[in-house]
Amino acid sequence: MTLMGKEEQFHPVIFNLKNLRTLQVLQKNVKTAPPDLFHGMQCLRGLDLNHTSITRLPSAIGRLFHLRWLNLSGLNFVVLPDTICKLYNLLALKLHGCRRLRRLPRGLGKLINLRYLNIEETESLSVLPQGIGRLSNLRTLSKFCIGENGEGCNVGELKNLNHLRGHLEISGLEKVRDVNEVMEANLKNKEHLRSLDLAFSFGGQELITNVLEALQPHPNLEALLVYDYAATRRTMPCLRSLSLYDCPKLKAIPEGLKQRPLEELIITRCPILEQQ
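The sequence shown begins at 1 in UniProt numbering and counts up one residue at a time.
It should be emphasised that the hints constitute simulated quantities derived from the structure, not laboratory data.
Don't take each hint at face value.
Pairwise CB distance ranges, derived in the manner of DEER restraints [claimed, not checked]:
no.	residue 1	residue 2	range
1	Lys188	Ile266	21 to 31 angstroms
2	Glu213	Thr2	49 to 59 angstroms
3	Lys188	Arg99	39 to 49 angstroms
For clarity, every value in this text was computed on a predicted model and none was experimentally measured.
The beta-carbon is built from N, C-alpha and C at its ideal position, and this holds for glycine as well.
Sequences are here, hints too, so could you generate the full structure?
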């Protein structure tokens with residue numbers, strides 16, 4: 001069922017549709033969701049609120065036990081209700097463009113059937129919750145934000161996410177204090193990843209080199225983007241694209257990479273290298 005119009009409230013008819021399976025709301029003027037909105041929708045399988053202006057979800061969304069996909073992309077949430085973690089049958093959670101979103105629910109790791117988690121363009125989201133490593137069925141995870149001091153996940157929680165495919169960004173690598181954690185990430189077994197971004201906000205040469213050596217991406221990787229990286233010796237036979245940004249101490253492209261048949265090499269703000 002699709003709701004359209006310029007009304008500022010949900011149409012009363014939906015409160016009586018107890019067998020509704022899919023609900024898409026195309027009402028930009030709707031800014032609030034009433035607390036009892038989901039009380040009678042236990043059969044709902046799909047919910048799309050992308051085209052509304054809702055800024056807060058009622059906790060009753062946790063009653064939608066049969067929900068398979070939930071699209072909240074582009075909404076101005078700061079936080080999501082913890083009751084979302086009761087949606088044990090959820091397969092897809094779309095949060096693309098939720099730029100004010102600061103954190104995900106701490107119990108997100110309970111959604112063990114989740115396959116698709118889109119958190120692209122969520123600039124305010126700087127850390128993922130502990131326990132995300134339990135989502136071993138994930139196919140899509142656009143970014144993995146490392147925490148520190150007991151807050152958020154560590155890089156080792158990537159260990160069992162071996163079904164990830166396509167693109168992955170790992171940020172906050174400067175927070176790593178134990179290289180053994182990095183080895184636990186088990187990137188060498190993530191054969192379906194094709195492009196990988198590795199981001200260091202800051203960090204010494206030794207730390208960065210040790211972390212990158214320990215990550216050991218799978219040989220099938222085709223594109224690698226590294227921020228604040230001063231040297232690497234790892235070779236990946238499928239690598240076709242390499243971008244180096246903001247590497248002020250990089251003096252030369254490692255010999256192993258020189259021998260790779262790169263189709264694209266981008267060097268930006270690497271002053272010593274660019275002078276050669």
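- prompt: In this structure, is the beta-carbon distance linking Lys188 and Ile266 contained in 21 to 31 angstroms?
  reply: 25 angstroms, holds
message: Does the beta carbon distance between Glu213 and Thr2 stay inside 49 to 59 angstroms, or does it fall outside?
response: This hint holds: roughly 52 angstroms between Cβ atoms.
task: Using the Cβ atoms, figure out if Lys188 sits within 39 to 49 angstroms of Arg99.
output: Hint violated: Cβ distance 34 angstroms, outside 39 to 49 angstroms.
The structure does not agree with numbered hint 3 stated previously, though it agrees with all others.
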